[in-house]
Structures are given as structure tokens and as C-alpha cells.
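Got two chains here, each in a separate frame; can you build the complex from them with the hints?
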Amino acid sequence: MFTPHTHADVEAMLKTIGVEKVEDLFKVVPEQNRFPDLNLPQPLSEMQAATELDSIASANATTRDFISFLGAGAYQHYIPAAVDNLLQRGEFYTAYTPYQPEISQGTLQAIFEFQSLISLLTGMDVSNASHYDGATAAAEAVILAFNHFRGKRDKILLSRAINPQYRDVIRGYMQANDAIRIVGDDPETGIEPDLKNLIDQIDLDTCLVMVQYPDFFGRIIDYASLIEAAHAQGALVAVVANPTALALLTPPGEIGADIVVGEGQPLGIPLSYGGPYLGFFAVKNALLRKISGRLVGETVDTQGELAYVLTLTAREQHIRREKASSNICSNQGLMTLAATIYMTLLGKTGFQQVANLCYQNAHYTANAVQEIPGYKLPFKSTPFFHEFVVQADENVPELLAHLQHHHILGGYDLSQDYPELEGCLLMAVTEMNSREDIDYLTDVLSEVEHA
Amino acid sequence: MREPTIFELSSPGRTGVTFQEPDVPLSEIPQEFARANLPFPEISELGVVRHFTKLSQKNYAIDLGFYPLGSCTMKYNPKINEVTARYPGFAAAHPLQPEDTVQGNLYLMYTLQNWLAEIGGFADATLAPAAGAQGELVGTMIIAKYHKDRGDLKRTRILIPDSAHGTNPASSAMLGFDPVQLPSDERGNVDLKALAELCDDTLAGIMFTNPNTLGLFDENTAEVIRIVHEAGGLVYGDGANMNALLGVFKPGECGIDVMHYNLHKTFSTPHGGGGPGSGPVMVCEKLVDYLPDPHVVMTDPGDEDTPPTYGFARPEKSIGRVKTFHGHFGMLVRAFTYIAMLGQEGLRDVAEKAVLNANYLQAKLKGTYTLPYDRSCMHEFVLEGYWKDVPDIHALDIAKRLMDYDFHPPTNYFPLIVHEALMIEPTETESVETLDQFADAMVKIAEEARTQPELLKNAPHNTPVKRADELKAAKDLVFCCYPVGEWEKK
Ligand SMILES: Cc1ncc(COP(=O)(O)O)c(C=O)c1O
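Protein chains in written order, with the working numbering: chain A, 1 to 451; chain B, 1 to 490.
Where hints are given, some of them may not hold.
[Said to hold, decoys possible] Derived lysine-lysine pairs resembling DSSO-like cross-links, with alpha carbons at most 27 Å apart:
#, chain 1, residue 1, chain 2, residue 2
1, A, Lys323, B, Lys154
2, A, Lys27, B, Lys193
3, A, Lys323, B, Lys466
4, B, Lys250, A, Lys21
5, B, Lys475, A, Lys323
6, B, Lys444, A, Lys15
7, B, Lys286, A, Lys152
8, A, Lys15, B, Lys366
9, B, Lys154, B, Lys286
10, A, Lys155, B, Lys154
11, A, Lys323, A, Lys152
12, B, Lys364, A, Lys21
13, A, Lys323, B, Lys148
14, A, Lys15, B, Lys364
15, B, Lys472, A, Lys290
16, B, Lys145, B, Lys250
17, A, Lys152, A, Lys196
18, B, Lys54, A, Lys348
19, B, Lys286, B, Lys250
20, B, Lys54, B, Lys79
21, B, Lys366, A, Lys27
22, A, Lys155, B, Lys145
23, A, Lys27, B, Lys364
24, B, Lys148, A, Lys290
25, A, Lys323, B, Lys145
If you're looking for bench data, these hints aren't it; they were derived computationally from the structure.
Isolated chain B, as found in the complex (with noise of 0.2 Å):
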């Protein structure tokens, strides 16, 4: 059933929580500046939390079933993670407060910023980006303003491999760089022939994400960096695939020269329906002082008697601010958690049962589905959601027909170079048993493909609404309550 919006709801009248009256002698609003209506809701708390509730029933999520996302890293979210964020040490911490009353979250961040280094095998770190896109950004900044201290200033191109995620190459053109897409091979690695002879000294860097979209690891890796090492660029490594390496590989040992997590998939961080993430990046030694302000340090080592103290310092050749304060803190909290608990063994036991799971996953499914790929894979895997035979069936139909069966779908159409991509990420936290109910599902819908087409075709059949008229969405340009350009006339 439909759940009315807030505004349908509203009774005027009703409030769903109320404040005291001022105590203090009151002060005029000046009659020019006052606002004439304020045309909020106006609901019981009640009716409120019901509104809510009803609301949250309309979603899937990691806590109601198997989620393989691929790319996304939809693993568990520990509920502890929850309750650490929330303790009021943390919360309740106001950004500008002086650096001698926030030690704690200082301390936090410091050890932070040191343990994401380790893990990649870098020599620091910076948390001060929101999502992965925008620890992209900063890698980008980095790289520009690496280039352009050194007087290099014809370096204007960035290798992006075309299995990218989209926001690689939209980075990178907000920075003011020319984005060179670069083939892969068809072992899905990149393409060392085209790489080679993209490589002249315009090359500013490559955007190298390793495992890759495709699930892969890239099988000349180091080749791939000593040939743009050795054109003049930096590599930066989009590391949001990081689940499938944790103590098995560390990419700044590699020659990785700078390289973003996503907090909200490798280390546990909730999505939160689209976010908030945390894109913390790690550099190698030589570009420690580019990383942005603010950057926490230790200002005072301590000694038998005192301990250390941490202060915050904008680094020698900073490429500023990207954000106010000092990142997302609160997935900061959630990041050391994780962390803290599973410690280095912990790590490598999330990297191999992810790539266990995804192994085990594909090994069911390649002989029912196309996997154009076909090789030991990392954390995900990407198959054909297409058969010849029945060429009205599409990666969608099946996406689609998997909600029937109480899953979430893969991801699909990415990566591009995959026809009619399904692209599936187990993760770690999910049992033999999911997963075979998983696979079960998609041998059947296979059948399915083939007998009953239209079940395919008209899913999902049990959700809250069906397929939906996205052009006519894009045609209305409805986005609020009240239809565009009403409120001028009201």
C-alpha cells in the first residue's frame, strides 16, 4: 500500500514535539526580515515514528538479506560501530573545540591515519575526504599540484582504464585534467601495448583500480607502474576494491604513489541509503606534504610520565581544504572499530573469505552464465545477464526477477565493457548456505529465461510497486511535494 507523504499527513494543529517558551525577556524580529509562512508538516510524534516505520519496510537492506553489489562491498555492518560513534565523548565533540580538550578524537585520528597506511603500505594518510569520490579528487589535486611544483607543466593527461568506475574520470576532469581512456586486454588486465604508447611526457598519471571492476587482479601490475613511473606520471590507485587485498597485498609496496579506501565498503562503514562514506587517501613518502590541512600529528611525543599529545598542522605544500572541519568523523569512529577488533589477522581473514566466497559463487554459476572473464577472480565477478537463445531476455530481467526470490540484485550495465553486465560481490560476511541459495535462484530464473519468459519480463512481482516509468519521471520533473513552479505562484 501507498504511504502518504509528510504533507498528506499533516493536520494543522498537530506537532510532533514541542519546546518550552523562552525565559528570557524577549526581543523584537525585525518585521522586514520575517518570514510570512512556514508551510511545514504538521504530524504527531507518533504519527512521525509510523510514517517511518512504514517506510523503512519499503527497503532491502543488508539486515533483511543476501545483497550482492557489486563494486559496493555490501558486507555486515557491525552493530557495535553503532554504538561506539554514538558514545558522547564523540558525539557530542564540537569541531573548533580547543585541541587540548579533544585528545581522545585527535589520538583516534592519528592512530588512524596510521593503521590505513599500513595496511596499503603507504607512508601517511589523510581522513579528510567525504566519500571515495571525493578522496579522487584529492589524488587528482595531489597529482596536479606534484606536477606543477616541479614545473612540469605540460602534463595534462590521465590514463583511465575503460572497465573505470565513473567517477574516475569525472575526478579528474573537475581537476582540470584531459581523461585518455586506456583498453583492457582480454584477460581484462590493462592493455600494456596501448598503455605503452600512450605514455609520452603530457602524462600527468594513470587512475589504476586494482583488483578491477571486472574482479580481477591485474596481472601486470608491476608493469603497469614502471611504464608510467617511467614516463614521468604518477599512479594512483582507486582502492575501492581494498576487501580482497587486506594483509594480502600492499599497494604502496608497489609503487602505488597514491591511493583511496572507501571506509563505507573495506572497512564496514554503513552505506545509510546512498551514504554519508569516508574516501580516506594514503600517499607515498614523496608526497606527504601535499596532503590537505587539516592533517593530524603527534605534537608532543610524551615520556614515562605524560602521554603523548596530538595536535592538528597543515602540511609544507598542502592542497588546502576540501571540506569543513576535519572529515566524517563519526565513520572514523566506526573504521576503528573494525579495526581495533579484527587486527592484522581479522584483516586477512575478511580479504580470503571474500575471495573465497566470490570463487565458490562463480564456480556455481559459469556453466548456467557467460563469464567473459574466466579465471580465478578476486572479491566480485561479472557475468553476461544475455543468452543467445532468448534474445529478449536482458541483465535487467534477471535483475529483477532475483527480487522475487527475496534477493537484491547485482549491479548492472557496469562495468561498460561487459555486454549486459551482472556483476556480483558476495563479501565475506555471508554463509555457504546464502550463497547456494543464491546460486540456486539464478539457475533457476535461467530456466525460467527459457520456459516462462513473462515471469522475467513482468518482475518483480511482490514488491512494494513494480517497474517504474522512469521516463516519465524524467518528463514531469516532479521533485517535491509541490509541483515545480507552484511555489512562485502561491
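Extracted from the complex, chain A is given alone in its bound form (with noise of 0.2 Å):
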């Protein structure tokens, strides 16, 4: 369908290579199984095909169909016209990784830009060009935290109001390391916001201690106490960070971590059903060559002109194979410039903006709800960004679903993740969700109530 060979290009190439027939150019393939059938649907012409998939994705109902205040890890925000626009310009989307900086300038200075705009949001000195997301980025940090220790610290403290999934992920990509203990994240350490039992397990064994911010519960947690506590033990420190609220709160670099990373999907990238998506990962200078993935830098050509290439490839798995800090390769090339255009456009003061409508509505939404009878905070007296949790005396699937027949996506039940929740809903709430839309989200809670 996308090969251009007439009949008559065939014969020739053919007696060019000296052979017959294209299936001559497979003998070397066993000849029991060579031409195996496979069992697929006939083609679809491009009309066909275009058909099929709208009515496909017309199987589902979306954020679009729904109200949603669902988030837990991905967020709804708009993204302005001129992203998606440049996205789409094949100069960027069929280029592959930069390897040949001379015909690559235009990807080099964009992951350049790139770096620089996670730097500064974070407050760290060095970004990297990606990683798959924000839960491998976060499972990239143990796996430079525990070798920048050569491995002899073991122990790895991860709160308990870090993303359910990236610990998940954290444990999956360990899962062959019997010499790594990783800890902290259980019930009986809890998820206290004054971190007193995280703490108090910090020890000369601590290689890292890894926590969320603001936490997956929403919550914006002061963690300089933590940070220097870890650090009096010699230990590092990562936090894991959403993009958004940090045009609004102080960076973790200027806190004291040592690592960053988070998930970038907040920074003008579809939900897409879970992806792809956007890990980033900053760290500061003492630990640059210890970073993993794609970097960067500013040079020069033979003509004294300013150029970008991809530096300090010693680390990576092309040349260092099985010595290098990851096997990472193929990265988020194109989200990354997604993320940058976003940020560039928005810019100083429409990313503040965002940042401040998300809080702004996001509070809103919590006070009324727990104006409702049968509703409260339970985690009130701490400050929070976008999200937070809600305590209903009714059954939470009961009651998502009730909200789901009115057309509102709820939340994230909690009490899938931590038994101690039981009767919780995470609400998120972004620039997306209009004043309407959260009265009506109140007026159908009040009504459950009545009922």
C-alpha cells in the first residue's frame, strides 16, 4: 500500500540483484516456515481505516463526555493550538534521534530549550532529555542513587503518599536486585504529613529517600526537615514533582534535593488513555555523570559557530553496553518538544496563570464539597495544590457510579491503594473544569445525600 514499485521496477531490480523472483530472496528463511498465512482482517483503504477507528474511539466516553475530576497521576489542562500545530510538522515527528548534529540542529536545541525550562522549574542544574515517564524516571533515581553508593548503602525509603504505580514501578524494575532493601511506604509509617516516621528510619544505610510533591494525595508537605535529616545521614534525596504546581510553589532544588524527576504530562501532552507521556529527570551537579538517557550540550562547529550535540555518551548503552547506567534508548523525543513549546507559549506568565486557576478552582471545589453534609476533608489542616482527598459516609463505588449516571467522572477510589482510605476519593481539579461544572458536582452530591 506505501510501496511505490511498478511491476516493470520489480523486473528490473530483479535482474539488477540476479535473481528471479522476490521470493528467491528468502531461501535462507526455513522453508517449512517460510510464507506462514496470518490470520487478519482484510485491508482497509485510508476512507475505511478512517471510518473503523472514529468508530472505535467513538465506543468510548471521555473526558469531553464526562465532567472529570479524575487525575491521580495524569491531568487534563488545554492545550493551546499552536502546540499540536508544530508537533505536526514532519521536520520534527519523522526525524530520528539526533545522532548526525549537522542535520539535526532543530531536535538539539529543542531538547537544549527543553533541559533548560525543567532546570529552572526545578530548581536543579542539570535535565536530562527524557525518560518513558514519570514512574520509570523515578525508578532511573533508585537505580543512580543505589549505584552512586557503589551499593553500600541497601536501603531505599520511599514515602507512602508516592504515586501507588510509581512504586509499583520502582519495585518492578528492582525486582532481580536481592542486595536492595526498599521500604518506608507501608501502613505503620503512614502518611502523616509530618513525616516523623519516614524520619526516623533514615539511616547510614539510606542510600535514598524519595517523596512526592505535592504528595499524591495533593497535598504541598514543607519537607526541608526531611531533606535534612537525609542529608546529615549522608544520604541522597529525590522528589518527585508535578510540573504544574511548581509554577506556583518553591522549586526542590532550592530545598535541597538532589533529584527530580516527574511526569511531564501536564506540559501540554493529551491524556491519551495513559500515553505517551513525559518522565523528566534533573539533578545537580555532583551527580551529572551519574545521570542516565540523552544530554545535550552547547559547542561549536569548525567555524566557531554555536552547535548542540548529544554529549557524555560515554554512560549510554551504545558505547558502554552492558556498563551503562541504563539500558534506555529510544526516549519521549517528540512529548519533550510538546512540553517545550507548551512551556514557551505560556511562558512566564500564562503557565502562572494555569497553575493558579488549577488552585483556585481546585479549592473551590473542596470547600463546597465539604459544606455537604456526609463529606469532609479528612486532610484539612494541610495545604494543598489541585487535588485532595474527600471522606464520603457513602459507599464509594456506590457512589461513583451515581456520579458517573450524572455524567461526572468522580475521582480515584483510594481505598484500592491504601486499606486505610477506605470511604476516600481523590478529586482533581484543573483550569479545565469550570465553575458550572463544580456546582453542578455539588448539586448532585447534595442530592445523593437527600435521596
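So, in C-alpha cells, the structure goes:
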């Protein structure tokens, strides 16, 4: 279908090669296994495929059809028109990794600008060119920390208020490493915002303490004492951060984080049912050479003109093979471009406006919900950004089903991951939730109570 | 001309996009957490559009010309894929929506799992892995857990041919395996004698790329699989090169136990300037319970009146979760669209034309360049970019000179077992005219190497920048528009 060969082309090419038919080129394939049947549907024309895919897509009801308060790691935000328009330039999306700098300066400079924006946003010195998503970036931070101490420190402390999927992925990545202990996220240590139980576990065996900011429950917690305690024992600290929140909040780098990672999806990347998203990864200078993934650096060409290149490649798999700092090769190239365009378009003013809208709308929602009899905010005394926990007298799955019936995706049932939060719902509110939508939510919730 | 950075283009007071003011009663942002300063650029929308459009013009891309980058399968990325992946029913779906609201997505994933398994001859597939390398990680996790669950704890070594991609040893090392290099024989196959010697009860498996990175179908495929299985090991297939084998050979039918595809190679999803990729992993029957969480299953087959329903399930002995949510869904929509349009016939045509194009170029170039493994190739082939009579000319010089002829260079210096490698993969979507123009340029460059070597040494001449000083980049360590360390001083 996408092959341009005419019959005459094929004949002439076969002649040049010196074989009679195309099949002759496959003689090396064991004969009994050659040219098997593929049980696939009849091929579709482009027009038919467009219709077929449209009907599959239409079998979904999405955040466009519902009023959505779902977050828990992926957030709906407005994506300015220019972002996707620029992403669809074939010069960007049909290029490969910029291994040949002379004909890849566009991609290279865009990544350099991405690294700069992420460094500034997180308050760190160096950002890499991306990981697959926030969770794998967190797993790479654990690997970095473990290797940093050359295996001499074996304990990783994870806060229980880190996204449960991130903790699963970290354990998945480390599953064959029997030398490492991943602890701190048990129910006994708990999720108290004073962090005392977590801090008490920091010791000389600890290589890394990881926390989330705002945490999985949306809470803004002061990590200064935790970071101080970790550094006093010589341990590193990694912060999983939400990039939108960082438009308003003190960056983790300023409060002493050694590594900042996170999910870049809120930066102009569609929800797209979970991917592709964007893992960002930034470190302080001291860890620069331990960073995994690609890095773009500035240099000059033979004429003395400024140029960008992939650098410190001796850390990577194509040079170091089994000794590489990670196996990552393809990363999230085009997603870093989306984030770079998004951050540049919004700029200082627009980005702070979005974060403020999220903050204000979320607080308006939370205040209204807690006014309704039968609902309370269990973490009320801790500041939060655009996500918060609601405790309902109602059974949560039933409540969510009821809301869905009224065209509302009410949020994330926390008891799936936190038995201690039975009856609790995590709700996210962004600039996409209008005051009208929020008022509608509270109306529906009030009726549930009265029913 | 140099394009300034977004920070140089910034003027205080400008903005590209503005948002409405909040219309709800305002809440105070706690002062103790408030950020002092956000030093982001301030540029108008047009300024931003021009900046990124100008940057795009400094790139080479498939949409601009021939991109024969070996091992990367730089085929045409159909435009329809970009349209379907953006249908709002897909693009606006939140990954944690209740299953009954996303039956379209689940149907698409379930069907794609089955199609990918069918194309490779496997029992089942996972769509979770984010890229080829993560597919390898998943595959090696499955191998590790399989042995461990059987109490077979001695199996710590993974054999990796010396022609393998760097991600193979890196992935297996991340899983704590001891990667052992396996030599190739003089025909470019796995060396059977060396293989037999390295097989014992400490063998966890082999990572076997077929066709390998020389572009050759291993003539000993059946033997390699048999020897490894007899030693109790599993065979991992690196399926990055499956473009050559679509509708031609099903690796799963011949004993490969677990294999990944690169959707961003074989199944036409775009490379995006380095990603995102997608690396689904297929497994044989005995490994289906080990697939990662989550896996899409049919929860109810339905009947005449009701369609089937689909949902997520965690396979019984699952290796667990490797990514948030369920893989690079947007890439899955693109691959689904592609397979739906090609079907069995179209897929086989892809493989045939990919192999035809590669053999044609190989035939046209082998008189001019040394072809170290002179056999009929699959989807790609490897030449030496070096001649004894002009020892100062290297593969890199040839690669750079090709840019002056408006071609993207082949992959250089990989695979490692070929001296001064130039690895050429034309793909099936290129016409014979393009191949001829490329061959002419390659022949012309071989001539220039003798008559005007400085043309190669100083190449490229017409690109936005000339050869870059990579040592300086590694010495200066400037990764940010602000020099490293400056931030702390601010
Ligand atoms: C043979 C082979 N294996 C594995 C990979 C890794 O794939 P990815 O870049 O998607 O991680 C590549 C990519 O270049 C490859 O060519």
C-alpha cells in the first residue's frame, strides 16, 4: 500500500540483483516455515480505516463527554492550538534521534531548551532529555542512588504518599536486585504529614529518600526537615514533582533535593488514555555524570558557530553496553518538544495563570464539597494544590457509579491502594473545570445525601 | 543563521497564550511555599511559532528525503495515523476511567495484542513497554521469573551475540544477569561451536536478533534455538528487525520464547526525533502468565445481541508493573491503523519490498565498497566505509559527505564487528529512483575519496552547522541556557 514499486521496477531490480523472483530472496528462511498465513482481517482503504477507527473511538465516552475530576497522575489541561500544529511538522516528527548534529540542530536546540526549562522549573542544575514517564524516571533515580554508593548503602526509603503505580514500577525495575531493600511505604509508617515515622527510618544504610510534591493526595508538605535529616546521614533525596504546581511553589532544588523527577504530561500532552507521556529527570551538579539517558550540550562547529550535540554518551548503552547507566535508547523525543512549546507559549505569565486557576478552582470545589453533609476533607489542615481527598459516608464505588450516571467522573477510589483510606476519593480540579461544572457536582452530591 | 534560544528571544511583559482570570472566590496561596520567581521566557505566539518553525527547518526527516539509517527502519509514517490517534475518543480518554466507559480503547488494545501475537506466531502479547529497550527489560524479567519460579536459581548468564544492539547487554545487566558475549562465525551467523561451549546449567537464555544487525537471517536459526533449549535456557528474540519477516516467518512458531517489536520501526509509528517508541512483547504459551500488569482480556464474549466486553487483568505470575497506566496508547492506535490497512497481503508486501530494496542497493554498491558478508541480505546490509588505498578516509567522512548530496547517512560504526561500518536500511517505501540517486552519490563519493579527499574530510558543506566539536561539549558541560552552577548563584 505504501510501496511505490511498479511491476517494471520490480523486474528491473531483480535483474540487477541476479535472481528471478522476489521469493528467491527468502531462500535462507527454513522452507517449512516460509510465508505462513496470517489470520488478519481483510485490508482497509484509508477511507475505510478512518471510519473504522472513528467508530472504535466513538465507543468511548471521555473527559469530553463527562465532567471529570480524575487525576491521580494524569491531568486534563488546555493545550494551546500552536502546540499540536508545530508538533505535526514532518521535520520534527519524522526525524530520528539527533545522532548527526549537522542535520539535527532543530531537535537538538529544542531539547537544549527543554533541559533549560526543566532545570529552571525544578531549581536543579542539569536535566536530561527525558525518560518514558514519571514512574520510570523515579525508578531510574533509585538506580542512580544505589549505584552512587556502589552498593554500600542498601536501603531505599519511599514515602507511602508517592503514587502507588510509581512504587510498583520501582519495585518492578529492582525485582532482580536482592541486595536492595525498598521500605518506608508500609501502613505502619503511614501518611502523616509530619513525616516523623519516615524520618526516623533514615540511617547510614539509606541511599535514597523519595517523596512526592505535591504528594499523591495533593498535599503540599514541607520537606525541609526530612531533607536535612537525610543529608545528615549522607543519603540522597529525590522529589517526584508535579510541573504545573511548580509554577507557584518553591522548587525542590531550592529546598535541597538532589534529584527531581516527574510526569511531564501536564505540559501540553493529551491524556491519550495513558500515553505517550514524558518523564523528566533533573539532578544537582554533583550527580551530573551519573545521570542516565540522553543529554544535549552546547559546543561550536569547525567555523566557530554555536552548535548543539548529544554529549557524555559514554554513559549510554550504545557505547558502554552492559556497563551503561541505563538501557534507555528511544526516549520521549516528541513529547519533550510538546512540553517545550507549551512552556514557551504560556511563558512566565500564562503558566502561572494556569497553576493559579487550578489552585483556585480546586479550593472552591473542596470548600463546597465539605459543606455538604456526609462529606469531609480528612487532610483539611494541610495545604493542597489541585488535588484533595474527600471522605464520604457513602460507599465509594456506588457513589462513583451514581456520579457517572450524572455524567461526572468523580475521581479515584483510594481504597484500591490504601486500605486505611476506605471511603476516600481523590479528586483533581484544573482550569478545565468551570465554576458551573463544579456547582453541578456539588448539586449532584447534595442530592445523593438527601436521597 | 543561528536561531536564538527562547531565553534570548524573551522580552518582559509578552506572553504567547493568556488564560481567563479565576471566577471563583479566591483562596490564599500559603506564603511559606510560594515560589519567589519563575524565570520563564516571555514571547508572543507568533514569536514562538516562528522560533519552532525555524528550528524544524534545521532538521533532516523522512518527509524531506531518503533516510537509510540501518537498524532504525525509517519508513514512511502514514499521515492517516496522525489523524486517527488524535480522534477525541482516544485523545481525551483519561487512563483511570472506568472500564465500561472505554470499551473502544480496550477493544483496540485486545485486538492489537492478538494481531501482534499472530504476526509473530506467539500465544499472547503485552502492549505495556514504552520502547524496544523496555521490551527487552520486560522479556528478561519474564525469563528471570520463569527460572526463579521453577527453583532454578543457578541460571545467571545470558548469551548475547557480538553483533547485538547495545540495549541487549544493558537490559540484561539491569536485571542482574551476567551478559556473556557470543562470537559470530565467518558467515555472520551465531557461532554454533562457541554457543555449545557456553551452554550449561547456568544459562538463563540468549538474546537473539534475527535478522541480525548485519541484515542477515541466521542460517543456523533452528540449531541455535535447539541448543539453548536443550541446555534449559529460553530464547529471547530482539524483533527490532521484523520489517524483513512480516508474513515471511513467524519466530514464535520456530521456538523463540519471547520477543519484542518496535512499533516505531516495523509498524510505521513515527520516531519523533528520538521517541516516543513502543515495544510490545510477545510470549509463547508457557510464559503467558508472566506478562506485565495490566493485561487486556475479554471479560465477556457476548452473544448475538450484545458485543463482547473487555477489561484489565493481572496475569497470574505477572512480573508486575513497568510503566504507569497501559503503555503508549497513542502509538498503539497508529500501529492498529497501519495493520488494519495492510492485512496479510500488505504486510508480506512490506517485507518483500524492504528486502528487494536492500538487495538492490547492495548489488549496486558492492563493487565500490567492501561487503564483508557477501550474501543475499534481508532488510539491510553493512558495508565497510574504508578503503586501503585512501587510509585517511573513514566511514564518518563518507557519512558527512552524503549530507551534501541531501541524504541522511547510514548508521555508522555499528554493528561493532564490522570495521568502519556503514549500515544501510532503505525500507520498502522508497522508490527505485531514490535508490539509484543514493547509489550514484555513494559511487561519486568513492571517487571523490581518491580525487578530492578534502571534500570528504571537510564535509558537510551546506548544512546549518558544520562538524561539531564533541570534545568541547563534553568538557564545557553546558546543558542549560544558564551555565551549570549559575542557578545556585541566582
Ligand atoms: C536491534 C535493536 N534492538 C533494540 C533497539 C532498542 O529500541 P528502542 O530504541 O526502542 O529502545 C534498537 C533500536 O535502535 C535496535 O536497533
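Mind listing which of the numbered hints don't hold for this structure, in increasing order? 3, 7 and 24
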